[in-house]
Amino acid sequence: MQSDFFSLDRISKRFGVVQALDNVSIAFRPGEVLALVGENGAGKSTMMRILEGVFEPDSGTVRHGSTPIVFSEPRDSHRAGIRVIHQEPEIVPNLTVAENIFVGELPRLAGVLLDWHRLEEQTDKVLATFGMQQDMRPRQLCSTLGPAQRQMIEIMRAIHAGGQLIAFDEPTSSLTDDEARRLFSVIRRLREEGTSIVYISHRLNEIIDLADRVVVLRDGRLVDDSPAAGASEQTIAKLMVGRDIADLFTRETWQSGKPLLEVTGLTTNRVTDVSLTVRRGEVLGIAGLMGAGRSELAKAIVGYDRRLGGTITMNGVPVGPNSPHAAIVAGIGFAPEDRKHEALLLFRSILDNASLCVPDRTSTFGFFNRRKALEIVSPLAAKMSIKAPNLDEQVSKLSGGNQQKVVLARWLARQPMLLILDEPTRGIDIGAKAEIYRLIDELAAGGIGIILISSEMPELIGLADRVLVMAGGRITAELSRPDIDEATILKHAMPQSVPSLGGQIQ
Amino acid sequence: MNSLELRTATAQTDKRRASLRIAERIGIHNISLLVALAILVLIFGTIRGDVFFSSRNLLNIGLGITILGVLAMSQTVVIVAGGLDIAVGAIVGLTTVSTAMAIQSTGSPAVGIVAGLVLGGLAGLVNGIIITYGRVNAVIATLGTMAIFRGIAFIMSDGQSIAIFSDTFRFIGIGRILGLPLLIWILLLTAIVFHLFLARSIVGRNIYALGGNPVVARFSGININRYRVGIYIMSGVAAGLAGILLAARTGSGQPVSGSQGLELEAITAAVLGGCALQGGKGTIIGALLGVAIIGVLNNGMILTSVPTFYQLLAKGSLLILAVVIAEYHLNRT
Numbered sequence: 001m002q003s004d005f006f007s008l009d010r011i012s013k014r015f016g017v018v019q020a021l022d023n024v025s026i027a028f029r030p031g032e033v034l035a036l037v038g039e040n041g042a043g044k045s046t047m048m049r050i051l052e053g054v055f056e057p058d059s060g061t062v063r064h065g066s067t068p069i070v071f072s073e074p075r076d077s078h079r080a081g082i083r084v085i086h087q088e089p090e091i092v093p094n095l096t097v098a099e100n101i102f103v104g105e106l107p108r109l110a111g112v113l114l115d116w117h118r119l120e121e122q123t124d125k126v127l128a129t130f131g132m133q134q135d136m137r138p139r140q141l142c143s144t145l146g147p148a149q150r151q152m153i154e155i156m157r158a159i160h161a162g163g164q165l166i167a168f169d170e171p172t173s174s175l176t177d178d179e180a181r182r183l184f185s186v187i188r189r190l191r192e193e194g195t196s197i198v199y200i201s202h203r204l205n206e207i208i209d210l211a212d213r214v215v216v217l218r219d220g221r222l223v224d225d226s227p228a229a230g231a232s233e234q235t236i237a238k239l240m241v242g243r244d245i246a247d248l249f250t251r252e253t254w255q256s257g258k259p260l261l262e263v264t265g266l267t268t269n270r271v272t273d274v275s276l277t278v279r280r281g282e283v284l285g286i287a288g289l290m291g292a293g294r295s296e297l298a299k300a301i302v303g304y305d306r307r308l309g310g311t312i313t314m315n316g317v318p319v320g321p322n323s324p325h326a327a328i329v330a331g332i333g334f335a336p337e338d339r340k341h342e343a344l345l346l347f348r349s350i351l352d353n354a355s356l357c358v359p360d361r362t363s364t365f366g367f368f369n370r371r372k373a374l375e376i377v378s379p380l381a382a383k384m385s386i387k388a389p390n391l392d393e394q395v396s397k398l399s400g401g402n403q404q405k406v407v408l409a410r411w412l413a414r415q416p417m418l419l420i421l422d423e424p425t426r427g428i429d430i431g432a433k434a435e436i437y438r439l440i441d442e443l444a445a446g447g448i449g450i451i452l453i454s455s456e457m458p459e460l461i462g463l464a465d466r467v468l469v470m471a472g473g474r475i476t477a478e479l480s481r482p483d484i485d486e487a488t489i490l491k492h493a494m495p496q497s498v499p500s501l502g503g504q505i506q
Numbered sequence: 001m002n003s004l005e006l007r008t009a010t011a012q013t014d015k016r017r018a019s020l021r022i023a024e025r026i027g028i029h030n031i032s033l034l035v036a037l038a039i040l041v042l043i044f045g046t047i048r049g050d051v052f053f054s055s056r057n058l059l060n061i062g063l064g065i066t067i068l069g070v071l072a073m074s075q076t077v078v079i080v081a082g083g084l085d086i087a088v089g090a091i092v093g094l095t096t097v098s099t100a101m102a103i104q105s106t107g108s109p110a111v112g113i114v115a116g117l118v119l120g121g122l123a124g125l126v127n128g129i130i131i132t133y134g135r136v137n138a139v140i141a142t143l144g145t146m147a148i149f150r151g152i153a154f155i156m157s158d159g160q161s162i163a164i165f166s167d168t169f170r171f172i173g174i175g176r177i178l179g180l181p182l183l184i185w186i187l188l189l190t191a192i193v194f195h196l197f198l199a200r201s202i203v204g205r206n207i208y209a210l211g212g213n214p215v216v217a218r219f220s221g222i223n224i225n226r227y228r229v230g231i232y233i234m235s236g237v238a239a240g241l242a243g244i245l246l247a248a249r250t251g252s253g254q255p256v257s258g259s260q261g262l263e264l265e266a267i268t269a270a271v272l273g274g275c276a277l278q279g280g281k282g283t284i285i286g287a288l289l290g291v292a293i294i295g296v297l298n299n300g301m302i303l304t305s306v307p308t309f310y311q312l313l314a315k316g317s318l319l320i321l322a323v324v325i326a327e328y329h330l331n332r333t
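For the record, the sequence lines run as chains E and A.
When the count follows this note's numbering, it moves up by one through the first sequence with no breaks and lands on 506 for the last residue.
When the count follows this note's numbering, it moves up by one through the second sequence with no breaks and lands on 333 for the last residue.
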């Protein structure tokens, strides 16, 4: 396939036993949005890293026209006009908006001083082109910006630095709907101006909306490259998994028993006066926008954040404050949202990670007993079909879905009575998602109480018996099946719906 | 298909041969340390082979590294936990003084030993509390207490060397059992204890977890404050033991002489041995290999008459070099 733009020509890359990319060819075109989809571990990130010059392919070439180009580091790819916007924007929080956009080419005064005047002018111009004047000022510190605005800064930097091909890696995973819509209009503008866009996302509806062409990767191979027109979520999903996924969410049992966890008036620095009950076998959903205090509620319940007021009981027995250990002993397990930083020891093995919370059952006289640990972890790994060469594999080498399964295995090993799952399916492929939903159903059927924090509405609607909606660190509504629907949840999730404190004082 | 794949995976885990596991456990890093050691031996052996390979000199090297060995191992535990203890040299000085004074006034070596270990532990407790509850950066905290402990040692001894006249106590430093100096037996014994503790015990594994990611450790129910304080107490007690060994060897308690610069060598050995200063990584065996390298280097420099002042340059450079290599490896993986 020849073109006069960037293309990947029969790229292969292998990590150990895993063939991450297998003979993949893609020709990018200017003025086109190319959606790159695939389950986790399908090879999307590897492809981005190769495009960016972080990894070198084992075979195959990156070309511009007919000229092969070799990137030995990301700067080379920047110079060639390729930019990858990562999930977590790489900006310097303690510098201003202007400095972040023009980093590396700040206008100078007399050769040494920073020409603030000119920098501000330039920044204003860039902000105006993107219609961002209302959102940020040139002199504003980036630490005061939200995730969407930070992402915009990266985009502006990339465009302004002459990016011809811009790749977005799951850009909307931390954005609100409104922010996502604005990002889409920016992407459409870029397309009109002739920029080539690569768009990676798990949200298939976005892709159908936005993309001109859809490329599907599965197990490192390109399985489809076709126009987006005429594609449906079903067809794409089917290509991704290679099988039908008709019923993603069905809980089979809806029975809950006696109260298990009772929280009254729980207050920390970030949540206020939260009361809730979880029954045995019940799935309690927690909904809310980013920053509503959902993760903070979980951290308050498990004793990670300092408790300023309120009580927590499990089966009627009080749980001591400020001690995750006390919460674990009381039978509470917690799988945090940020797997890499809060849940996993990335450079330790699957076995070590999964056996972390059961020291008593994996030791003899205080010494680790590998055989005992294997007896506990092996069946769990098999049950959850964790894909890895063996249980000594470092978890950093696993895909997102498998990493999440390791976290869940850790808690299943502990046999908790209550399991708090914070965004358990974020960044996970459809296949692994379905497995996690099945697991939730199975655990609930077995009498375990579950708190499910999620931003995905279908997930909450499909799994939860009840949903609590949070905004501003408080609970703003409680919905029960079958009255759980997207519109009602959203209505209560808007920060305005929180009664203003000023009104109460008067 | 998935479960099939996994079944083979777990089976492999079980079936992997013991010999393979041992080879794996030695690790590339430790093999490269052995190579570095061999090169040093080759260099000094070529220049001063007549003296270097004499059994007397080899024994000297062994004796020279016992005290450093204990400190390097405890430093490894501290660094794996994500900390650093640069006060250990000062604690060694302090315990030689207290041990000597205790023996002088009671005549009992046992009292001297207990005094040294307890004082070392107390010094470690102070470090641990300042770092954990005062939330002071470990380097700064122990830099401060290093000066404080040296000061206390000077005040207690009035700056004088305190002689020890107990033969029983001196036996620790100069006695032999089964032909080997007692000091070397003590080093071997502490090495086994440290290795089993760090690599095999649940507490040791939790220390790796704590250093690897304190947030994960806390979410997993590990009382990270208690662990941190405990680790500095352990480091203090180990420094106390090192102080007792030093006092027994020299037959005296001295506030500075003999213990100055030990922290530099201990940290160098730990980092050479594969400790990541960010925490979560490092082994006792690696630290011992690092100690051996330093021991051979020190001995070789004396044999080849490198002036003392230049030896300092070499030691400092070695630490920097070790960290540079460690960082390089860390960034590549």
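It is worth saying that the hints were derived from the structure and are not from the lab.
Don't take each hint at face value.
Said to hold, decoys possible - Here are the simulated lysine-lysine pairs, BS3-like style, with alpha carbons at most 25 Å apart:
#1 E:238 with E:340
#2 A:315 with E:340
#3 E:258 with E:340
#4 E:340 with E:383
#5 E:397 with A:281
#6 E:397 with E:387
* Are residue 340 of chain E and residue 383 of chain E close enough, with their CA atoms no more than 25 Å apart? -> holds (23 Å)
**Asked** Within 25 Å, alpha carbon to alpha carbon, are residue 315 of chain A and residue 340 of chain E?
**Response** violated (38 Å)
Is the Cα-Cα distance between residue 397 of chain E and residue 281 of chain A 25 Å or less? holds (17 Å)
* Taking only the CA atoms, is the gap from residue 258 of chain E to residue 340 of chain E under or equal to 25 Å? -> The hint is violated at about 35 Å.
Within 25 Å, alpha carbon to alpha carbon, are residue 397 of chain E and residue 387 of chain E? holds (11 Å)
Handout entry: Pairwise hint evaluation, residue 340 of chain E against residue 238 of chain E, where the allowed Cα distance is 25 Å at most
Key = Violated, because 29 Å separates the two Cα atoms, which is more than 25 Å.
Checked against the numbered hints above, the structure breaks hints 1, 2, 3 and satisfies the rest.
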